[in-house]
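Engineer: Spelled out from the first residue to the last, the chains are:
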Amino acid sequence: MKNESTVVERIVTTTESVTLSRYWMVSALIGLLFSSVAGLLVSLERIDLSSASIFSTADDVFQFWTAHRVALVLIAVLPLMIGLATAIVPRQVGSSRLVFPRMSAFSFWVWLFGALIIIIGFLANGGVGTPDATSETQSVALTLVGVLLTIIGICGASTSVLTTIVAGRAPGISLLNIPAFSWSVLVAGTMWLATLPVLVANTVLVYVDMRGRAPVNFGSEAVVWEQLSWAFTHPQIYLWVLPLLGIVAEIISAAFKNKISNPFLFTAIGLTGAAGFGAYAQTYFDIGTPVFEEAFSIIQAFIAIPAVLLVVAFISPKIKDLKGFDKQTTTPAVLATLSIVLLLHGVVVGAVHVIGPLELSTRSTVSAQIVLTLGAGVLACMAAFSWWGELLIGKSISQRKILISGLTFHFGVGIFAVADFLVGFTGQNDFTGVSEFAAGTDGSSWVETLNIISFIGSLLILLGVIAAIATTVQHVLSKTPATGNPWGADTLEWKSKEKEEVA
Amino acid sequence: MLTTGFKLWFGLLVAAFTAAVFVGYTTGGTETGPLTLGWKGAVGNHIAYGILMMAATTSGLLAILSQSFRDADAEAAAEILEVDIDEVPEAQIFTGSSPWPLFTALGVVTMAVGLVAHPFVFGTGLIILLVTAIEWTMTNWSERATGDPEKNHELKEGLLRPIEIPVLGLVGMGVLVVAVSRILLAASVLGAVWIATVVGTIIFLTAYFISKRPSIPRGVVQGILAVGVLAVIVSGIFAAINGERDFHHVGGEHGEHGDSDMEEDH
Numbered sequence: 011m012k013n014e015s016t017v018v019e020r021i022v023t024t025t026e027s028v029t030l031s032r033y034w035m036v037s038a039l040i041g042l043l044f045s046s047v048a049g050l051l052v053s054l055e056r057i058d059l060s061s062a063s064i065f066s067t068a069d070d071v072f073q074f075w076t077a078h079r080v081a082l083v084l085i086a087v088l089p090l091m092i093g094l095a096t097a098i099v100p101r102q103v104g105s106s107r108l109v110f111p112r113m114s115a116f117s118f119w120v121w122l123f124g125a126l127i128i129i130i131g132f133l134a135n136g137g138v139g140t141p142d143a144t145s146e147t148q149s150v151a152l153t154l155v156g157v158l159l160t161i162i163g164i165c166g167a168s169t170s171v172l173t174t175i176v177a178g179r180a181p182g183i184s185l186l187n188i189p190a191f192s193w194s195v196l197v198a199g200t201m202w203l204a205t206l207p208v209l210v211a212n213t214v215l216v217y218v219d220m221r222g223r224a225p226v227n228f229g230s231e232a233v234v235w236e237q238l239s240w241a242f243t244h245p246q247i248y249l250w251v252l253p254l255l256g257i258v259a260e261i262i263s264a265a266f267k268n269k270i271s272n273p274f275l276f277t278a279i280g281l282t283g284a285a286g287f288g289a290y291a292q293t294y295f296d297i298g299t300p301v302f303e304e305a306f307s308i309i310q311a312f313i314a315i316p317a318v319l320l321v322v323a324f325i326s327p328k329i330k331d332l333k334g335f336d337k338q339t340t341t342p343a344v345l346a347t348l349s350i351v352l353l354l355h356g357v358v359v360g361a362v363h364v365i366g367p368l369e370l371s372t373r374s375t376v377s378a379q380i381v382l383t384l385g386a387g388v389l390a391c392m393a394a395f396s397w398w399g400e401l402l403i404g405k406s407i408s409q410r411k412i413l414i415s416g417l418t419f420h421f422g423v424g425i426f427a428v429a430d431f432l433v434g435f436t437g438q439n440d441f442t443g444v445s446e447f448a449a450g451t452d453g454s455s456w457v458e459t460l461n462i463i464s465f466i467g468s469l470l471i472l473l474g475v476i477a478a479i480a481t482t483v484q485h486v487l488s489k490t491p492a493t494g495n496p497w498g499a500d501t502l503e504w505k506s507k508e509k510e511e512v513a
Numbered sequence: 088m089l090t091t092g093f094k095l096w097f098g099l100l101v102a103a104f105t106a107a108v109f110v111g112y113t114t115g116g117t118e119t120g121p122l123t124l125g126w127k128g129a130v131g132n133h134i135a136y137g138i139l140m141m142a143a144t145t146s147g148l149l150a151i152l153s154q155s156f157r158d159a160d161a162e163a164a165a166e167i168l169e170v171d172i173d174e175v176p177e178a179q180i181f182t183g184s185s186p187w188p189l190f191t192a193l194g195v196v197t198m199a200v201g202l203v204a205h206p207f208v209f210g211t212g213l214i215i216l217l218v219t220a221i222e223w224t225m226t227n228w229s230e231r232a233t234g235d236p237e238k239n240h241e242l243k244e245g246l247l248r249p250i251e252i253p254v255l256g257l258v259g260m261g262v263l264v265v266a267v268s269r270i271l272l273a274a275s276v277l278g279a280v281w282i283a284t285v286v287g288t289i290i291f292l293t294a295y296f297i298s299k300r301p302s303i304p305r306g307v308v309q310g311i312l313a314v315g316v317l318a319v320i321v322s323g324i325f326a327a328i329n330g331e332r333d334f335h336h337v338g339g340e341h342g343e344h345g346d347s348d349m350e351e352d353h
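Those protein sequence lines, which keep their order, are chains G and W.
Numbering of the first sequence is given in the working numbering, commencing with residue 11 and proceeding in unit increments.
Numbering of the second sequence is given in the working numbering, commencing with residue 88 and proceeding in unit increments.
Incorrect hints may have been included.
Said to hold, decoys possible - Covered by chain G, per the in silico footprint, the following chain W stretches (three or more residues, Cβ under 8 Å): (1) 108-119; (2) 182-188; (3) 191-198; (4) 305-311.
To be verified - Chain G is faced by these chain W residues, among others (derived, beta-carbon under 10 Å): (5) Leu-202; (6) Ala-204; (7) Phe-207.
Said to hold, decoys possible - Which chain G residues stay away from chain W? Per the calculated CB distances, all over 10 Å, these: (8) Ser-37; (9) Ile-57; (10) Pro-111; (11) Phe-123; (12) Leu-159; (13) Ile-162; (14) Gly-178; (15) Val-208; (16) Ala-291; (17) Asp-336; (18) Leu-417; (19) Leu-502.
Because the hints were derived from the structure by calculation, they are not lab data.
Glycine included, C-beta positions come from ideal geometry on N, C-alpha and C.
So that you can see chain G by itself, here it is in the shape it has in the complex (with noise of 0.2 Å):
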């Protein structure tokens, strides 16, 4: 048949997974500048919190302290992996397409108006309500719905990937054959599917009680972030992250021409995928109770048995093999690196901050922690875009521009997170609104001096993530073709052709 339909009626008609990936990773870019500029904003006003510099009120503060997590996981770091997994996963498993693939154009268009009306929400003062309820009630109800609409675009595109694994490998390609990225993804995917409907129904709940009548109040509209916080937090957010380490495993595979053993890191994946279902910690109902408590020290040493695991896999076969190293590689390997430096850093301070006698529960501590986390998570994406960025965009990469971006990104999440572990110490809180500084802090020079380096961390994200979008643009405006399999890699996808779709 002849193709006689326009740029727009391709734009939105699109089924072809490539074309999806792309608009997943570019809306998700756009979602993480959100999210950074609001973690800016939030740092900034830390600095000096006797008084107010950019917020009049605490629940101002605590409006964008909200937007920027709840953005950072639904809007940025959660598509961009669907985005890299939309792409390669069926190549990497020898399928001609996603199995359901106008199932993963519905589920990108529905997470998309999702993440507006979740951003619409937000600056309409609404978002997940306000400690002294001054939020636009209307609003919460919108920001609500929103979230509802982006897990189930996450969750239709995750099936759709899922499904692709499970039933359209190529004949001869069995699940423990498949490589490193498509197993993590299988495991992430197969663990946000068990929670993310938690998180719907925490969802439901709240509004069903902030819309509904007095007969089915189950009196959650005034406390929603502690309804939906789990998600937002640990463990939970190891999962979001979790592809991050089949990205690290296939590039530093290839970097060192030294595969690391199948059975070993898919096992250490999958009992990370395990220790890091969040679902259950749920503060709403469970914090301040021991065996709360007690489960959750557990669960918070079991994650670093996993973590000590991918240690071993990727770094013992390599120190002997050191002089294998292919230079060619240096970007996608060093941002590969970098990024699981940032997730073990993240899983040790999960790890400190919940010993009990430190007190740091509550502390910014956190805030380090899910910062170095999802940080460690995006850091991945880029190390991927470094690494198949040409399959993505079918044009040539400029890896210097990449490294320059993933590095200013690294130092920004290094400096934020080692400013806010230590400011933790001093008993500054995770949320720390403007009425609450004084009650919060000792308010020492060293609080304000640590609240400035976090702001500088913050401002070098912000930079990273704009340098990132602006170097995707140019890459997509380049007119310079790709050269086909720059890394001598042997994985699938670098040696199967998607097919052409018939529109």
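Fit chain W to the given chain G structure using the hints.
Structural biologist: Showing chain W alone in chain G's frame:
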């Protein structure tokens, strides 16, 4: 063995039932009303609850049908046609570009926003969703009807176009008539005359311009039409928000005189 079609329709049944209960609880239903179809208490918004329950019931019936006919697979088709399985036409799985994912997403999002904003918005989303459900289903059916994509396309066109064109034409005309009437009623008498004259002239000149250039790209024509229709609809919405101009009834209040229908506007 449960067939894929059964699972799909059963899933829709569960989703529609859950949505109905959810709507019931959020629109004034009692504890047990939405769960007992109104037998033990109120179900909340009757219209939304009724529509969703109807959707659940229909999905259930279709699930039973799908299971009964084994999703019309080759063996079942052979049995019904009373032919050998080799004589059943081959079906090719074909998945090309499609606008229905976007429209379905729009329907879902409109419904979701309607939950917060206004029942009318919710209803609009529901209509969009129902229409896209029919279109998407028919598209999928036609793509698997035979092994020839051209033939499949013709089958779909032949089945859907006689329904789509009159329905879309009626809906389009209805929307435009309502929008233009709001604009004319919002403007002054003289203004309404001028608007009607200018808009009519623009439509005439645009049509003349297009007719004189048969080689003009389809995208440009679509763009011109889209801008024009959007302008009329947006103007209509703004006019409706502003309200109609003042009408002064001749002879005082309605009902006081025999000529109460006579009115004078300014």
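Engineer: Indicate, hint by hint, whether the structure satisfies it.
Structural biologist: Against the structure, the hints come out as follows:
Remark: the region 108-119 of chain W is confirmed as covered by chain G, as 7 of its residues place a Cβ nearer than 8 Å to a Cβ of that chain, reaching the required three. With 7 residues bearing a CB less than 8 Å from a CB of chain G, the region 182-188 of chain W meets the requirement of three and the coverage assertion stands. Judged by the Cβ-Cβ criterion of 8 Å, the region 191-198 of chain W is covered by chain G as claimed, because 5 of its residues qualify and three suffice. As drawn, the region 305-311 of chain W meets chain G at 3 residues by the rule of a beta-carbon pair under 8 Å; at three or more, the given contact holds.
Contact between Leu-202 of chain W and chain G, as hinted, is supported at the beta carbon level, the nearest pair being about 6 Å apart and thus within 10 Å. With a least beta-carbon distance of about 8 Å to chain G, the hint placing Ala-204 of chain W at the interface is held under the 10 Å criterion. Of the supplied interface hints, the one on Phe-207 of chain W is violated, with its beta-carbon coming no nearer than about 16 Å to a beta-carbon of chain G, more than 10 Å. Taking the minimum C-beta to C-beta distance to chain W, about 13 Å, the non-interface status of Ser-37 of chain G holds against the 10 Å cut.
The non-interface label for Ile-57 of chain G is consistent with chain W: the shortest C-beta to C-beta separation is roughly 36 Å, beyond 10 Å. The Cβ of Pro-111 of chain G sits about 5 Å from the closest Cβ of chain W, inside the 10 Å cut-off, so the non-interface label is violated. With 10 Å as the threshold on Cβ separation, the claim that Phe-123 of chain G sits away from chain W is violated: the shortest Cβ distance comes to roughly 4 Å. The claim that Leu-159 of chain G is not at the interface with chain W is violated, since a C-beta of that chain comes within 10 Å of its own (minimum 6 Å).
A cut-off of 10 Å between C-beta atoms contradicts the statement that Ile-162 of chain G is not in contact with chain W; the least separation is 7 Å. Against chain W, the non-interface label of Gly-178 of chain G holds: every CB pair exceeds 10 Å, the least being about 12 Å. Once the 10 Å rule is applied to beta carbons, Val-208 of chain G is consistent with being away from chain W; the minimum gap is 15 Å. Every beta carbon of chain W lies more than 10 Å from that of Ala-291 of chain G, the smallest distance being close to 25 Å; the non-interface claim holds.
For Asp-336 of chain G, the condition that its CB be more than 10 Å from all CB atoms of chain W holds, with the nearest at approximately 38 Å. No beta-carbon of chain W comes within 10 Å of the beta-carbon of Leu-417 of chain G; the shortest separation is about 37 Å. No beta-carbon of chain W comes within 10 Å of the beta-carbon of Leu-502 of chain G; the shortest separation is about 21 Å.
Checked against the numbered hints given earlier, the structure breaks hints 7, 10, 11, 12, 13 and satisfies all the rest.
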